[in-house]
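Hey, can you work out the whole structure from these sequences and the hints?
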Amino acid sequence: MEPIHLFDLASRQARWAAVRQATIAGNVANADTPGYQARDIVPFSAVLQKTALTLARTEPGHLDVGGASGIEANRTSKADNWDITHSGNSVSLDQELLKAGEVSRAYTLNTNIVRSFHKMLLSSVRSGT
Amino acid sequence: MIDPLSAASRLAAGGLEAQATRLRVVSENVANSRSTGSTAGADPYARKTVTFAAALDRELGAAAVRIKQVGIDDAPFAVEHDPGNPAADADGYVKLPNVNMLIELADMREASRTYEANLQMIKQTRSMVSMTIDLLRSQG
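Chains as they are written, first to last, in our numbering: chain A, 1 to 129; chain B, 1001 to 1140.
Keep in mind the hints are simulated off the structure, nothing from the lab. Small disclaimer: the values here were computed from a predicted structure and weren't measured. A virtual CB, placed ideally from N, CA and C, is assigned to each residue, including glycine. Each hint should be verified, as a subset may be incorrect.
Said to hold, decoys possible - Derived contacts from chain B toward chain A, CB cut-off under 8 Å, selection only:
| no. | residue |
| --- | --- |
| 1 | Ala1008 |
| 2 | Asn1032 |
| 3 | Ser1035 |
Stated by the list, open to error - Label pairs and their computed distance ranges (CB to CB):
| no. | chain 1 | residue 1 | chain 2 | residue 2 | range |
| --- | --- | --- | --- | --- | --- |
| 4 | B | Glu1028 | A | Ala10 | 24 to 32 Å |
| 5 | A | Leu121 | B | Met1108 | 50 to 58 Å |
| 6 | B | Ala1031 | A | His86 | 25 to 33 Å |
This is the structure we're talking about:
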């Protein structure tokens, strides 16, 4: 059944947005840590393109190689940061809050799409009876 | 590894705690900005400083902030000629704390700005969680 694929896509994007939110929260928490470099995750389109194969964890003691989500936070390049303070910290609060706004917008869109798609699915099921 | 949205809240809460500690140290410095020693020639209150460090939290899988150390500022003390003061040395000079009000106020502003940013992250994460929960509600 083809259309159900949208739910999978939506949940993957929600997961991506949540991981990005956690990354931004880590940056904001470390806004005054000397030498800390801001991190960010790859855009969602890049996540979609490479379907990362991760090692299966069959025992709790196994190392979590790809992270639970398969999305990892990397240090941002120097050119992407708005300012770097004398202590070597590259977190700009304005930039992080802007990114958080983007995440929030994407997440709102995502949940609303899921809601309306669910409504569509329900109405098509009901009209069948 | 826990859910990324709970991780975001916990990281931001760690940030709040770190900035609150910083604010506490600033108020300690301001409160003691005229605390001289009590015996002749004794050292006065020395300004305290806070250093943060990023520590990898294994459970969260992200770098949380923690207080590395609360140190002492080793800047020289200012001296004032006040022979009547109990802390005055043989020449009548009193050592005053190395607290600079201007620096403390700037530090305070910076701490409260970062505190607000962390608070904003918590608020936003909470609204994201409630958006998800709302998906279960009022369908049909």
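Structure-based check of each hint:
1. Interface hint at alanine 1008(B): satisfied, since its Cβ lies 4 Å from the closest Cβ of chain A, which is below the 8 Å cut-off.
2. With a cut of 8 Å, the hint placing asparagine 1032(B) at the interface with chain A is violated, because the nearest CB-to-CB distance is about 23 Å.
3. Given the 8 Å rule on beta carbons, the hint for serine 1035(B) is violated: about 26 Å separates it from the nearest Cβ of chain A.
4. A hinted range of 24 to 32 Å for the beta carbons of glutamate 1028(B) and alanine 10(A) is inconsistent with their spacing of about 50 Å.
5. Separated by about 54 Å at the C-beta atoms, leucine 121(A) and methionine 1108(B) satisfy the suggested range of 50 to 58 Å.
6. Evaluation of the 25 to 33 Å hint for alanine 1031(B) and histidine 86(A) yields a pass: the beta carbon distance comes to about 28 Å.
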